[in-house]
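These are the residues of each chain, in order.
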Amino acid sequence: MTHTSSFDQKYREGSSNGHHRSRRDGRRAGPQSRPFIQRHPSVMIFIACLALFTLTVSVLSEGFGVGLISTSFVKTLGKTLCLCLVALAMDVVWGYCGILSLGHMAFFGIGGYAIGMWLMYARTELIVIQSLAAAPLPPTAQEISQGIATQIFGVVGASEFPPIWAFAHSLPLQLAAVVLVPGLIALAFGWLAFRARVTGVYLSILTQAMTLALALYLFQNDSGLRGNNGLSGLQNLPGQGATPQSTISLWFLWASALALGLGYVFCAWMVSGKFGSVIRAIRDDEARVRFLGYSVEAYKLTVFTVTAIIAAIAGALYYPQAGIINPAEIAPIASIYLAVWVAIGGRGRLYGAVIGAAFVSLLSTWFTGGQAPDTNLGVYTIQWVNWWTVLLGLSFVVVTLLAPKGIGGLFDLIGKGRKP
Amino acid sequence: MNTLLEVSGVSKTFDGFRAINNLSFQIGEPELRAVIGPNGAGKTTFMDIVTGKTKPDEGRVIFGEKSISLLKLSESRIAQTGIGRKFQRPTVFEDQSVADNLMMALKKDRRPWAVLRFRPRPRDHDAVAQLADEIGLMDHLTRRAGDLSHGQKQWLEIGMLLAQDPRLLLVDEPAAGMTPAEREHTTDILVEAAKTRAVVVVEHDMEFVRRLDCKVTVLHEGSVLAEGSLNHVTADEKVIEVYLGR
Numbered sequence: 002m003t004h005t006s007s008f009d010q011k012y013r014e015g016s017s018n019g020h021h022r023s024r025r026d027g028r029r030a031g032p033q034s035r036p037f038i039q040r041h042p043s044v045m046i047f048i049a050c051l052a053l054f055t056l057t058v059s060v061l062s063e064g065f066g067v068g069l070i071s072t073s074f075v076k077t078l079g080k081t082l083c084l085c086l087v088a089l090a091m092d093v094v095w096g097y098c099g100i101l102s103l104g105h106m107a108f109f110g111i112g113g114y115a116i117g118m119w120l121m122y123a124r125t126e127l128i129v130i131q132s133l134a135a136a137p138l139p140p141t142a143q144e145i146s147q148g149i150a151t152q153i154f155g156v157v158g159a160s161e162f163p164p165i166w167a168f169a170h171s172l173p174l175q176l177a178a179v180v181l182v183p184g185l186i187a188l189a190f191g192w193l194a195f196r197a198r199v200t201g202v203y204l205s206i207l208t209q210a211m212t213l214a215l216a217l218y219l220f221q222n223d224s225g226l227r228g229n230n231g232l233s234g235l236q237n238l239p240g241q242g243a244t245p246q247s248t249i250s251l252w253f254l255w256a257s258a259l260a261l262g263l264g265y266v267f268c269a270w271m272v273s274g275k276f277g278s279v280i281r282a283i284r285d286d287e288a289r290v291r292f293l294g295y296s297v298e299a300y301k302l303t304v305f306t307v308t309a310i311i312a313a314i315a316g317a318l319y320y321p322q323a324g325i326i327n328p329a330e331i332a333p334i335a336s337i338y339l340a341v342w343v344a345i346g347g348r349g350r351l352y353g354a355v356i357g358a359a360f361v362s363l364l365s366t367w368f369t370g371g372q373a374p375d376t377n378l379g380v381y382t383i384q385w386v387n388w389w390t391v392l393l394g395l396s397f398v399v400v401t402l403l404a405p406k407g408i409g410g411l412f413d414l415i416g417k418g419r420k421p
Numbered sequence: 183m184n185t186l187l188e189v190s191g192v193s194k195t196f197d198g199f200r201a202i203n204n205l206s207f208q209i210g211e212p213e214l215r216a217v218i219g220p221n222g223a224g225k226t227t228f229m230d231i232v233t234g235k236t237k238p239d240e241g242r243v244i245f246g247e248k249s250i251s252l253l254k255l256s257e258s259r260i261a262q263t264g265i266g267r268k269f270q271r272p273t274v275f276e277d278q279s280v281a282d283n284l285m286m287a288l289k290k291d292r293r294p295w296a297v298l299r300f301r302p303r304p305r306d307h308d309a310v311a312q313l314a315d316e317i318g319l320m321d322h323l324t325r326r327a328g329d330l331s332h333g334q335k336q337w338l339e340i341g342m343l344l345a346q347d348p349r350l351l352l353v354d355e356p357a358a359g360m361t362p363a364e365r366e367h368t369t370d371i372l373v374e375a376a377k378t379r380a381v382v383v384v385e386h387d388m389e390f391v392r393r394l395d396c397k398v399t400v401l402h403e404g405s406v407l408a409e410g411s412l413n414h415v416t417a418d419e420k421v422i423e424v425y426l427g428r
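These protein sequence lines are chains B and F, in that order.
Per this note's numbering, the very first residue in the first sequence carries number 2; after that it's consecutive.
Per this note's numbering, the very first residue in the second sequence carries number 183; after that it's consecutive.
Same shape as in the complex, but just chain B (with noise of 0.2 Å):
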């Protein structure tokens, strides 16, 4: 059998003259060359729509006077913003490295603890310090700190500073354990389970099995961070008394946009050059790339912690918006959720993990604030506010099956449209 196609006949041509080792100088792929930003046009476009939203949202919100858009809806947008975030990070760790944690979301709320513990701590001494200037002698340095103990513990029966608030006086150093408790965490997990090779359906169960812990741990009054009560009045920033809701919303809305617009070049820059390369790899064929000389567990790690510390620094801006933070935001449910956001918006491309956290947490949001009207069947009234969770659940299972790619695979069609 001579098969002689003309493929054969190329080849036969190439392998005749030889294994030039010194030939090739032509087709020096011009494109790497190119600036970072023009090589991924994709980056441009969703930060001209991140800053124009903002833009949007900013000058009809009640803080710059027009008013269309409340306060608290803009606070909506900006918790939003960082839904997204951590989104981004599920997706690079998730979509690219093939590592399905459902645990971020503990992250995140490390993340918010962290910021809150100051929050909580800087105005509550302020308040104290106010209280007690009215007393005849000036209060000594133990009397304000007995003070801030009494108010932040007094709903737990405790009166003193567990040995975690050591550092909660200090805005840089609370803002140093958002970025290094999560990442320690994430570097010892990660260290532990993939050195030990645990890999798919096992990894995630212990990723549930370790937010679960972890919201155990905080559920408990004498976990040092006020068990199920959680921290609250995070909303109003130490020393802005008089500024009112409305700026601060504006504030934590632009500094959201921000975080999110520096996150995702930063994850578009990790996933487009050869580390890209090789986390997707190791998402497809994990054996094969160790046989490529890379250590497998290494890159997870890197990819794990990185996206741990991303995670937390969403939550560091999504707290102070939403005021409350409490164990039961940790539940290991909220991480099935993200996952869930990333599955549905399309996972292994950046602006579908945002499009799908965004799309599904706005659609959720206005579901169960009660706004979706009841839907009368004639012999049952469907309540939106309880079968909002139906709902997600089956569009999850439909484009599971139905659309892989989820939404951002609709993006492949208008390409494909333009280019045939």
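Please keep in mind that the hints were generated in silico from the structure rather than gathered at the bench.
These numbers come from a predicted model, not from an experiment.
Hints are not guaranteed to be accurate.
[As the list claims (entries may be wrong)] For the chain B half of the interface with chain F, some residues (derived, Cβ under 10 Å), not all of them:
1) A189
2) W192
3) M271
4) V279
5) D285
6) A288
7) G294
8) Y295
9) V297
10) E298
11) A299
12) L302
13) T303
14) V304
15) S362
16) K406
Every residue, glycine too, gets a C-beta built ideally from N, C-alpha and C.
Given the structure of chain B, go ahead and fit chain F onto it with the hints provided.
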């Protein structure tokens, strides 16, 4: 010709089945060697042991002038030390372009931080183009590896191996599923590669082995049955009995 890889007294048992039984094997540099043997002779397990995928129950595996024991190293360390492996089924990263596949395999610093900052220079693109030329995929650089034909995938994988610039290349049935013309080209690539390094080819197809024109090691029940030229081993009584069949 120095000994590059020395496997001595290696045994491996899977659930009571002796896959490798007191196997000893040596290869120099440069050298081309074909390993043949019936199914279950331990060819793939042998490769698994050398590349670190499987740890043997006993024995030694020594590599290079510094006599590094490979048994203590992870798969990725072994690959970095200079051993490349091609699997029976072509395993390329189907979702990525031919160029990306080759770029990933190029011999470079493999640590995450270095890779994160890595941006290809013109000479890296040249190296990729050169390899693509060698394996006949020059016109397919931007194509998705998954869209290549079976034979092209085999070559791409061989190209990725060459890109790693290993001192020892382990190739498992490279000609499986290839057309006669494709086989010929594969033979050329392997013979060329063996001029500067050690290449071990595991193969079923006698015709292909004949074309490689090299020393042959016959494995049977996990140990070496015979070694020598193809004519020598095929004339061996024991080999005829177990492998060629009566």
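For each hint, the structure was consulted:
With a cut of 10 Å, the hint placing A189 of chain B at the interface with chain F is violated, because the nearest CB-to-CB distance is about 18 Å. With its C-beta approaching chain F no nearer than about 14 Å, W192 of chain B sits outside the 10 Å limit, and its interface hint is violated. Against a cut-off of 10 Å between C-beta atoms, the interface hint on M271 of chain B holds, since the closest Cβ of chain F lies about 7 Å away. Evaluation of the V279 of chain B hint against chain F yields a held restraint, the C-beta minimum of about 6 Å falling below 10 Å.
Because the closest C-beta pair between D285 of chain B and chain F is about 6 Å apart, less than 10 Å, the hint holds. At a threshold of 10 Å, the smallest CB-CB gap from A288 of chain B to chain F is about 8 Å, leaving the interface hint in force. Given hint, G294 of chain B at the interface with chain F, holds; its Cβ is 3 Å from that chain's nearest Cβ, closer than 10 Å. Proximity of Y295 of chain B to chain F holds as hinted, the smallest CB-CB distance being about 5 Å (cut-off 10 Å).
Look at V297 of chain B: its Cβ gets to within about 7 Å of chain F, closer than 10 Å, so that hint holds up. Hint on E298 of chain B holds. Least Cβ distance to chain F is approximately 8 Å, under the 10 Å limit. This hint holds: A299 of chain B has a C-beta 5 Å from the nearest C-beta of chain F, less than the 10 Å allowed. At its closest, the beta carbon of L302 of chain B sits 8 Å from a beta carbon of chain F; the interface hint therefore holds under the 10 Å criterion.
Nearest Cβ of chain F to the Cβ of T303 of chain B: about 4 Å, under the 10 Å cut. The hint holds. For V304 of chain B, the interface hint holds, since its Cβ comes within 10 Å of a Cβ in chain F; the closest pair sits about 8 Å apart. Nearest Cβ of chain F to the Cβ of S362 of chain B: about 29 Å, over the 10 Å cut. The hint is violated. A hinted interface residue such as K406 of chain B counts as satisfied when its beta carbon comes closer than 10 Å to some beta carbon of chain F; here the least separation is about 13 Å, so the hint is violated.
Consistency with the previously given hints fails for numbers 1, 2, 15, 16, ordered from lowest to highest.
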